[in-house]
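Novice: The residues making up each chain are set out below.
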Amino acid sequence: MIKTIISEGLPVDEQLLIRKKTIRNGNGNKRICIVTGTHGDELEGQYVCFELIRRLNENRAFLDGTVDVYPALNPLGVDSVTRGIPTFDLDMNRIFPGDPNGHLIEHTAYKIIQDLKGADMVIDIHASNIFLREMPQARINVKMSAKLIPFAKMLNLDFIWIHDAATVLESTLAHSLNVIKTPTIVVEMGIGMRITRDYGNRLVDGILNMMHKMGMWNGPVTKHISKPEISNRGEVFFMNADVSGIIIPSVSHSVDVRKGDLLCQIVDPFEGTTLQNVLSPVDGLVFTLRTYPVVYEGSLIARIYSEKPG
Amino acid sequence: MKEEILFTMKSPYRDDFKIHGFRFGEGEKTIAIVGAMRGDEVQQQFVCSQIVKNLIEIEEAGKLIAGHEILVIPSANHFSMNINKRFWAMDNTDINRMFPGYDKGETTQRIAAAIFEHVKDYKYGIQLASFYMPGEFIPHVRMMDTGFQNIKLAKKFGLPYVLIRKPKPYDTTVLNYNWQIFGTQAFSIYSGDTDTINKDTAKTAWTSILRFMNNMKIISQNKHEGHSSYILKDSDLETIISNQSGILYALKGAGDEIKAGDLLAKILDPFTGETRSSILAPTDGTIFFAHHKPLIHQSTVMFKIVRF
Ligand SMILES: [Zn+2]
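Protein chains in written order, with this note's numbering: chain A, 1 to 310; chain B, 311 to 618.
Treat the hints with care, as some may be off.
[Stated by the list, open to error] Listed below are the simulated BS3-like cross-link pairs for lysine-lysine, each with C-alpha atoms no more than 30 Å apart in a straight line:
#1 A:K111 with B:K576
#2 A:K21 with A:K3
#3 A:K143 with B:K476
#4 A:K117 with B:K476
Rather than coming from a laboratory, the hints here were simulated on the basis of the structure. Bear in mind the structure is a predicted one, so any value in this text is a computation, not a measurement.
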């Protein structure tokens, strides 16, 4: 069943529609929610929605409970290749928990939270941005880590990044749900404007595995669930460009590198010269890698997770 | 006046990005003024340019009061302004969500860090700010309720209103908040418009800033007293939300005084021109904010009204 949770008038003819697909079976009262499309240029979650619903449709009898899938929290953005909310130029993941008496987008945010509230687990799928490729990973606020890590481990991911509590992240969907005790895990994977089918399949396997462990799914589950690295056993290193120029990569994504390995070169195509050799400061795992070639001073090039700090 | 380059960054192919600072006087770091940090803040940049122009004249007339240093940064994001973008040209991030900045971080964190390094330690900080919703305001001073704010000082601008509002989570990364946390008395001046220049409200804004400097004995250039500012909280404003979408046919704008029952605007059917909704004033008051794009969404803030 497809249910419309928001319908608001746009200036000419059209309605702003936010919809969810509900798949229910059995008598179980467990409910999980899959949400994505908050950032209109992140599309990896589209495949996950498709594939999860396809598999559930084929094996409905194995489901005991409710799966709600929200493929596009920002439908205007997804349908117009716009990361933020078109016309407002706002990052939709900075307006939660919203406000019932506020502006259109604030009360839209409020209604979304009301709809998700009370779920047994919410998976909020992101796909980086158009610049960076991300290894399949969960992002968890340190304050919620005790509760969420066991679930994140079920999702067939490679990495769990426990990040510090930052006030600016308090206006995200995930934080707003976690504080009202609706457990929510942010999954980041792949890259903006593309679908990486392999990552999508892995996450669907992971979601079904989690549902199985939650007692909502007794259908087929893959035996090979990835054991993710967890960031609190080491340190995350950020590599930013020292100079503006064009990046020529030397390593591929998701590889282990040694201290001193060349990650990429920043070059000047005008002069045919190398402006910076970007070297890994540590032995570690490249879990974020820039693919977009143009950089300014400060542009993020890579994030490396190293088990042995220093 | 000394014009300085406060920050330079090379771009792959564009001309270098430079932040210019205009410094007046010497001595105690008394007041820093920051203009456009977003590419659509043309009114804010215009106001700053008028302050620079006035300060040059004031300096030539010998009316800067000795012992004070004034720094004006009219524009911190012309890389976006020059190409009609609101946020940072490359990655669409907002410089005013990056304070206090980080000089080893991402590009806009570095820009914010460079700005903050130059504008912190001043006694007073003024930012020419804009609102995320399209519309016009009555020119006013805004302060965040951080516990450090000094309302008495805000009244020295002589603007009709001072609005005190509670910070939201993302406010911890804006310039105004960080100024206050680091000990500067910080004010945001809302000067009416954003992406167009309104000469009248711009003049109100730059006059109020010169008035503040005169009242604080930083310059000696008498201005008429201005208004005895009315102090408002967000909750003092009555908000009218659109109950329909369509073409907005506005009859009243920011600054207009209204009586309960007055027709403020109509929302028209975009195909037939028929009136879908007549927006009536719920109370006597003054319009503080008015949406002013020709098209309006449903459930959008149309007006904010100060009740009499
Ligand atoms: Zn995202």
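Novice: When the hints from earlier in the document are held up against this structure, which numbers fail?
Specialist: The structure conflicts with no hint, since it agrees with every one listed earlier.
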